[in-house]
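S.K.: Line order of the protein sequences matches chains E and W. Our numbering puts the first residue of the first sequence at 1, with every later residue one more than the last. Our numbering puts the first residue of the second sequence at 388, with every later residue one more than the last.
Because the hints were derived from the structure by calculation, they are not lab data. Don't be surprised by glycine CBs; every beta carbon is placed ideally from N, CA and C. Warning: the hint list may mix true and false statements.
Stated by the list, open to error - From the structure, some residues in chain E lie toward chain W, with a derived Cβ separation under 8 Å:
no. : residue
1   : M299
2   : D301
3   : E306
4   : I310
5   : S311
6   : V369
7   : P371
8   : E375
9   : R376
10  : L377
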Amino acid sequence: MRRVYLDSNATTPVRPEVVAAMMSVLTEHFGNPSSIHWFGQHAKSMIDDARQHVARLINAEVSEIVFTSGGTEADNFAIRGIAESQKAKGRHIITSKIEHHAVLHTCQDLEKQGYEVTWIPVSRDGVVDASSVRRALRPDTILITIMHANNEIGTVQPIEEIGRIAEEADVYFHSDGVQSTGKIQVDVRKLKVDLYSISSHKIHGPKGAGALFVRKGTILKPLLTGGGHERNRRSGTENVAGIIGFGQAAKMARESLTSDMARVAELRDLLETALKSRIEFIQVNGENAPRLPNTTNIMVDYAEGEGLVISLDLKGVAVSTGSACSSGSMEPSHVLTAIGKTPDEAHGSLRLSLSALTTREDVEYVIEVLPGIVERLRDLSPYYKKV
Amino acid sequence: MIAVAMSGGVDSSTAAVLLKEQGYDIVGLSMQLWNQRRRLPGEESASEEQELKRSGRCCSIDDIWDARRVAAHLDIPYYVLNLEDEFEKTVVSPFVKSYLAGETPSPCILCNNYVKFHHLVERAAQIGADTVATGHYARVRYDETRGRWLLLRGKDGRKDQSYFLFGLTQEQLSKTVFPLGELSKPEVREIARGAGLPTFDKPESQEICFVQSRSYGDFVEQYAGIGHDKSGSIVNTQGDVVGEHSGIHRYTVGQRKGIGAAGKPQYVMQIEPQLNQIVIGEDARLHRKRFALRDANWIAIEDIAEMDGPLRCDVQIRNRFEPRPAAVWMENGEVLVEFDAPQRAITPGQAAVFYWDDVVVGGGWIKS
Chain E
1 MRRVYLDSNA
11 TTPVRPEVVA
21 AMMSVLTEHF
31 GNPSSIHWFG
41 QHAKSMIDDA
51 RQHVARLINA
61 EVSEIVFTSG
71 GTEADNFAIR
81 GIAESQKAKG
91 RHIITSKIEH
101 HAVLHTCQDL
111 EKQGYEVTWI
121 PVSRDGVVDA
131 SSVRRALRPD
141 TILITIMHAN
151 NEIGTVQPIE
161 EIGRIAEEAD
171 VYFHSDGVQS
181 TGKIQVDVRK
191 LKVDLYSISS
201 HKIHGPKGAG
211 ALFVRKGTIL
221 KPLLTGGGHE
231 RNRRSGTENV
241 AGIIGFGQAA
251 KMARESLTSD
261 MARVAELRDL
271 LETALKSRIE
281 FIQVNGENAP
291 RLPNTTNIMV
301 DYAEGEGLVI
311 SLDLKGVAVS
321 TGSACSSGSM
331 EPSHVLTAIG
341 KTPDEAHGSL
351 RLSLSALTTR
361 EDVEYVIEVL
371 PGIVERLRDL
381 SPYYKKV
Chain W
388 MIAVAMSGGV
398 DSSTAAVLLK
408 EQGYDIVGLS
418 MQLWNQRRRL
428 PGEESASEEQ
438 ELKRSGRCCS
448 IDDIWDARRV
458 AAHLDIPYYV
468 LNLEDEFEKT
478 VVSPFVKSYL
488 AGETPSPCIL
498 CNNYVKFHHL
508 VERAAQIGAD
518 TVATGHYARV
528 RYDETRGRWL
538 LLRGKDGRKD
548 QSYFLFGLTQ
558 EQLSKTVFPL
568 GELSKPEVRE
578 IARGAGLPTF
588 DKPESQEICF
598 VQSRSYGDFV
608 EQYAGIGHDK
618 SGSIVNTQGD
628 VVGEHSGIHR
638 YTVGQRKGIG
648 AAGKPQYVMQ
658 IEPQLNQIVI
668 GEDARLHRKR
678 FALRDANWIA
688 IEDIAEMDGP
698 LRCDVQIRNR
708 FEPRPAAVWM
718 ENGEVLVEFD
728 APQRAITPGQ
738 AAVFYWDDVV
748 VGGGWIKS
């Protein structure tokens, strides 16, 4: 069966060059980077190369990149690290209602520990208003954490503007950049973020690797203590193969970002235009906001998202409804709820996310099979009467 | 395409094996029915430690894990459907209400009627599967002369599960296959072993899935949030108070309850929810011939109201019960059943299923 993968916001296929880079670590360069000998030194220098590639991708300095086990750890490290190091100053955190669960649940956990969290709402297009972040500031505010791009609907947040607000107020600013990195230009200097999370497997690297950008001078309590790896920021023997793969993926993402994403945006637009013309009663969530070039989240009236996803999978097309982590639960997506969708509307939403490896044929295949599936589901729906 | 309802057990797994061997295009579906992490209203508020303990539990019944392994082994597409809302509305909540109303409910039958053969069938149709298969030991056959779909006992009488399926409509039966209907349990295990299923020697589950290691009584109290303060009187057949009970939902008609004054064992004869009391008496007084039925469903016949004269059949009034001859008829809009000979402990809330030999004529719920 033909298989088409349009779920790149969940994860991406690993590039062959990344696999090759990792293989050399797994087979030859197995040393522990902390060791004095040749084996260790070699592994260490490979990590340094990878660190450089990751730093360049977001215009950071090499010493500002801390490797982690992934985006979730990076988010936890940033938020808990600041909460812990700044608790003498205050216990107030500002975040948005559309964060990834890694941020959302971490902030909720801190609420239970006595921190206060202000949850900034978003517009119907899924964008945070920077001025409402300003208004939420208090003397005891210690952290603002707002994602760069949303994983479900792809809307891009005004990070630069919020960065300026944070700088003026002298409050630490973290942004979850897991979805934006590799899809749009990221410059941590321009964004004025102090902390920025990235993940390897969203940019065609392996799972189990990620990084937190920590601006020089940021005071952060480590999550993991031990041998003092990563300049005492994150103890634990490095996941060398994962980091090397991440580095290779970052290098390739940077080299071809502009051309790849121009092509991806064109395919995404083709997909949206064709689906809108072939299927009645569909809307694109977040359509009027600045969006990632690879993401489209469509709301199909009179059809269940679950039925759509399974029917598409049976035809070889991989997509998702809401974010992958909430699949399997019937709670409507908190992101779609935050942009004002009813639970029924949220359950009828479908996320299609492309990557640099998506082809025109892939998109054309989806355009061919989806209308028939929607029609079958609607024929079975008691609410849908053919006009 | 046929959707196989896969519970993770050996029966539904073998049903999938058989259909796959017969060359059908199949898809495996499991139902996520109940969130084990959920805290019930009557459960004491949890400490952080208890909360953490709860979060270690799976959000689904562990069996889904087995079903996924079997589907991977058979290399068939497989999905978990979330039917928690439907399950709670049509099975769990009625189960609790029924106990609180002094009945002894049969949740597995409700689950078949409303969840498996209604909502699951509906979801299967959405993904393009017009037929649903389950691992029940029962048979479906189309009878040309009657122009009706018939439900029959499974060939292995000891494993037969037709009792639990009496609520299936003609429409549902027409879209259902039971691949194990002609097989015995040992044969099924043999097929499972031969197919290399990872679960071929898995023991059968006996528990009601959502109650899980609690007593039914505790579950009812926790779900309804009523605590332990439901005690009331136990009375004898003369109406004298002879003791105190710990909540009517903890009793079932026919259950033994102490020794009477004359040294004879006493049994629960009746549960009276309005008076919050339990009537006990001697075994001899538990035997009755007649009862009324609610929510009848007819399979082999169109409708009892269409019959000339009473329907003669054998009636089964609980799962492990040898069917006994009886007459069934309509009177003042009510279906009445009368056994030829008195039967012990006809229990409100249980199903009464009517048979002509192996053929299920129909059935309903025992009312009084």
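S.K.: Looking at the structure, which of the earlier hints fail to hold?
M.R.: Violated: hints 1, 2, 6, 7 and 8.
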